[in-house]
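Undergrad: Can you make the complete structure from the sequences, with help from the hints?
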Amino acid sequence: MKRLAGRGRINQDRTISFTWDGRAMSAHPGDTVASVLLANGIRVLGSSVLMNRPRGVVTDTMSDPNAFGQIGTGESSEPLMRLTQVEVYEGLTAMSRIHKGVLPTGTDTGRFEKRHAHCDVLVAGAGPAGLAAALAAAEAGARVLLVDEHPHLGGSLLGEDVVIDDRPAHLWVAEVEQRLRDNPAVTILTRTTVFNVGDQGAIALMQRVSEHLPEAKRRGRALRRMWQVRTHELVVATGATERPLVFPNNDRPGVMLAAGVRGYLHRYGLVPERAVVFTTNDDAYRTVLDLINAGVDVTRVVDVRPDPQGWLPRRARELGVEVRGGSVVMDTTAAADGALAGVVVAPLGGGETELITCDVLAVSGGWDPLFDLHHYLGGTARWDEQLLAFVQDNVVAGQRVTGAAAGIFGTTACRRDGHLIGLVAAEATGFGSATSGPAAPEAADVTEQAPADFVRVAAVDGDESHSFVDHHRDVTMAGIERALNSGITNVEHLKRYTLVGTGTEQGRTAKVNAGRLAADHFDLDFHMIGVSNARPPSQPVTFGSFAGRALGARFDPVRTTAIHSWHVAHGAVFEDVGQWKRPWFFPQGTEDMDAAVLRECAAVREGVGMMDASTLGKIDLRGKDVGVFLDRLYTGTMGTLKVGRARYGVMCKADGMVFDDGVVLRVAEDNFVATTTTGGAAGVLDWMEDFLQTEWPDLDVWLTSVTEQWATVAVVGPQVRTVMSTLAPELDVTQDSFKFMQVEDAVVAGMPARVARISFSGELAFEINVPTTSGLAMWEAVFAAGEPYGITPYGTEAMHVLRAEKGYFIVGQETDGTVTPLDLGLDWMIADKEFVGRRSLRRTDMLREDRKQLVGILPVDPNDRLPEGAQLIETAEYEIPVAMIGHVTSSYESAAMGRTFGLALVRGGRSRIGETIYAPLLDRTVAVELVDPIIFDAEGTRRDG
Amino acid sequence: MFQIRCPYCGPRDEPEFKYGGQAHVAYPADPEQLSDEEWTRFLFVRDNSRGRYAERWNHAAGCRRWFNVIRDTGTHEMVGSYRSGERPEDAR
Amino acid sequence: MLRGLAAMVSRAEPLAALEAKIAATTVDDTRLTTVPFLAQVGLRLDPDGPAAARLAAVLGSDLPGPNRAVAAGAHRVLWLGPDEWLVVAADGQEDSLVASLASAVGEDGGVIDLSSNRTGLELSGAFAREVLATCCTIDFHPRVFGPGQCVQTLIQKAGVLIDQRTDDTYLLLVRPSFAAYVAEWLLDGMLGLQADFSTR
Ligand SMILES: [Zn+2]
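Residue numbers (this note's numbering), protein chains in the order written: chain A, 1 to 945; chain B, 1001 to 1092; chain C, 2001 to 2200.
Simulated from the structure, these hints should not be mistaken for laboratory data.
Heads up, a few of these hints could be off.
[Claimed, not checked] Below, in silico cross-link-like pairs of lysine to aspartate or glutamate (EDC-like), each with a Cα-Cα straight-line distance of 20 angstroms or less: (1) Lys1018(B) / Glu689(A); (2) Lys833(A) / Asp1036(B); (3) Lys1018(B) / Asp1072(B); (4) Lys624(A) / Asp2046(C); (5) Lys2157(C) / Asp576(A); (6) Lys1018(B) / Glu1055(B); (7) Lys1018(B) / Asp690(A); (8) Lys624(A) / Asp2083(C); (9) Lys653(A) / Glu689(A); (10) Lys624(A) / Asp2048(C); (11) Lys624(A) / Glu2107(C); (12) Lys2157(C) / Asp631(A); (13) Lys833(A) / Glu1086(B); (14) Lys833(A) / Asp631(A).
TA: Right, dumping it as structure tokens:
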């Protein structure tokens, strides 16, 4: 095509350059890659994906099935970008990869943002209907979000030569835009596409923020922004798309859609040398008239209808165009590069053929309203026999379709309908009244002659393998017939069998024709066959856009305690416990993990250690009925706890499986504090609230999460009393005054603290709780006071070893949602009272004697440490498959015992203490002796120091 | 993403809530009196119907209240919500 | 020895490590400020019960209703739930607040010091609402939200209590362990808006 000076909505005074397949291209601001290629005489964009056919630009919209390319270089390069949408900028790099792109494999450093927004009325599409709807809704008082995929408002008006209110349409658009921009309740997003419609008005948009700018001008801005909008009302004003016709060799570059041809004229000042128009309807004559007006030789109009007598055909004839009624284009011819050289015209039904030379064939098979968004929430469509198109059938709550998307054609009619829909949508959200709103413009569009119901020109020789139904997927009439002859009777099956309509452009030019052809094949009414459903996203969305800014520190919360900076400064290696970072161990010098953990364990058993226990969940319970409440939740009794005392407890879900555990402190008559596991804190609180609010609302209990109110320093080991006396000289920590499971408020290191004698290691231990902001100061004070005695900070791994030596289970390690308190040997903790889950403990399955039960294990070789998760079997020799009778839940090396050991769940394990079973590993089979879970200090003598 | 109306705080996005299964399944008053079969039915058997369904949600990131929602499982329509202790007819 | 230890006692601000980054990030007049060590006291009671009137006398105002905050004297009362409020005051007020509130509530509810349970972040300036829109789903448009309103919601995956103080000032109260995550989201939102702003 060639560029006409002074035409188009581009700035022809300025020239910018970019490269296409390495070739420098000259462009003007406002051009798309597609328009520049056409202007530079590049008709063949590339080859089709299956049949290797040359292909070119078909139209100027997102519906183009061929105009795709790779944009950018390196890691920010992106495949399958729409060349009809990509705006050129200085330095742009584009490559010809029309139907198949290349994915970069590295990290894309581009910025992809997300933004939340809210509105009363979201209008999708800023053509005449959308603009009228947005203006009507906004002036009724509603908060309006107007979205359009183009850089400018106007929609179809951008590509037409239309007069509105006796002046060029763009002046009307400018006036409406100004009124909208002056309204503070209106947000306008251009270069933005609605790509999904979700429940309760959740609309997803993709905005091109800076990707259309040269890199130097992006300056840290997002390339794209995904908007997540909540709207009360959605107005779908997404227009319509022109339908091509099926005939032999209809895919040659130069065969274009008629509205696309006039779009390139009005938007980019591009015209063909010699055009032929092939149509079933009056609308294509607008292209004829506009081209003639631009001085183009329109050699022939080939109209399927026998006697085109509408106003537009008559006007074309008056201007000297030869209009041939009752005719079709039955084939095309190609130039050396494969692009269009001419068309073969013949009377419909056969007769003398004529070869006409042309560089563009403008085709129109009618118009399809675009209302994909209506389909996303189950909206249906029906075939309209008058329009010869699908239109919306049912109404989806909170959605209204208007303008061409609703099958309403003509600028005035669209404005009129959009205006009314805008008022109705505003009224639905509580603004204005649809019946008393300002008057709508009068309808004054010209009436058109009915279009012909026509899809396809059969090949004279019967070879349909070059009559294309879907350019993007290379689906031909032959392919459609093959599928239908093989027994496919459903369009959704046809779509998946042939891939028709599955292209990146959502098959917009292919779907309706495919359905029509299937209906014709079976001689059925079209509405019996229908058309395959549109599904989100309406355009490709990159993974980077979905990730947004949830990268690095923003990917997931990394929760740290008040003491974290000290741990980092002292070389801690961290373990992830849920979202928390907890010190795993504190290696010294060149120590590996095993050496560090052995040293830390030995220090706790022989001297004194300290641990950051701040992450444990803490729930404050207040009220007169807390004791009753806790008794109904824990397997044990809590109501009898005396003030200043603590008790260990276990909770089950209703199914009787262990759910969480912890120590409950009674700090006042009507005030308890329950500790939970680190990972279980939020779940336990929600679960407690559930019972409190829904089952026992009569109880006087108030629950508050205080996990983060308190930092907890555990000081553990035989020498702990020395350290505690230094820290809290006023506090009597002797055995007689400060007993196991006793709680005292005291001044520790000058800070008010709550001190409890709680032990998770079997050693003499104190837990010091202070407000979180004082946690670091308390930790440093304890460390300073303990330093003379070699106090050793230890991590979660040493804690796990120490508790395992005592046979203490860990929720989530020894339990997995299938383990009851009885399986863990906690019979002694089942009090004689009702509690949640108790009934489950006597279900038949719970009483089986071969349930997996918690036991200790000692590998016969004391240096052999089993991997956790190892399966256990009966015999040393075995053949696969072998019955597995248990598995190892914990396995460590014990400093105190000088050997390896572990815990396991074994079928009927408690009655098998003393027996030897086996762990089959890849390289060896390990014999293990089953022992009581409490392997170390079974008498509990160390607890009191 | 659903928008759910908390009866206390108003409409909020789904991530603020936790799901709690079918509504109006009370914890049995005297579990010990139930047969294994009755108890198992309480533990594990829930309706799974198409159409309007009463279910529990907890406004975990908000007011921490458990409440009930009537949702159409076929269309995702949020018919209404009501407080614990109120009846489905009270949903709005 | 004890005297020496006591001298070491100091409180640590949860966001100390991010302080420099927070101070360096602005969009025009919009900025983030840490507000550590606020006195915060949890209140639990039946608003229709006998304690409510006694409390109103102590607080100098009625307990606010859903999603509302009231300023009364030197403190601010935020609605958290149908039977739960948070009283926020300046650093150092917690002990006296607990004492006066507890005497008003008596046995008809609960009063609890939660001063360390959340830390404060103040977001202020003309772009504050847009910063929130980058990471929070709540509609802060002046038509539906304004000074005197508060909301418990999420900043992405972290719970947060947001109290709108003035037309363009929001106080965010966050659990200390989530504070860095929340600050990182707000700062990143500011970074994006800063880039947009600088190219206007
Ligand atoms: Zn709520």
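Undergrad: Each hint: holds or not?
TA: Checked hints:
no., hint, in the structure
1, Lys1018(B) / Glu689(A), "13 angstroms, holds"
2, Lys833(A) / Asp1036(B), "19 angstroms, holds"
3, Lys1018(B) / Asp1072(B), "18 angstroms, holds"
4, Lys624(A) / Asp2046(C), "14 angstroms, holds"
5, Lys2157(C) / Asp576(A), "17 angstroms, holds"
6, Lys1018(B) / Glu1055(B), "11 angstroms, holds"
7, Lys1018(B) / Asp690(A), "11 angstroms, holds"
8, Lys624(A) / Asp2083(C), "16 angstroms, holds"
9, Lys653(A) / Glu689(A), "14 angstroms, holds"
10, Lys624(A) / Asp2048(C), "18 angstroms, holds"
11, Lys624(A) / Glu2107(C), "8 angstroms, holds"
12, Lys2157(C) / Asp631(A), "34 angstroms, violated"
13, Lys833(A) / Glu1086(B), "30 angstroms, violated"
14, Lys833(A) / Asp631(A), "8 angstroms, holds"
In summary, the structure is inconsistent with hints 12 and 13 from the numbered list given earlier, while agreeing with the others.
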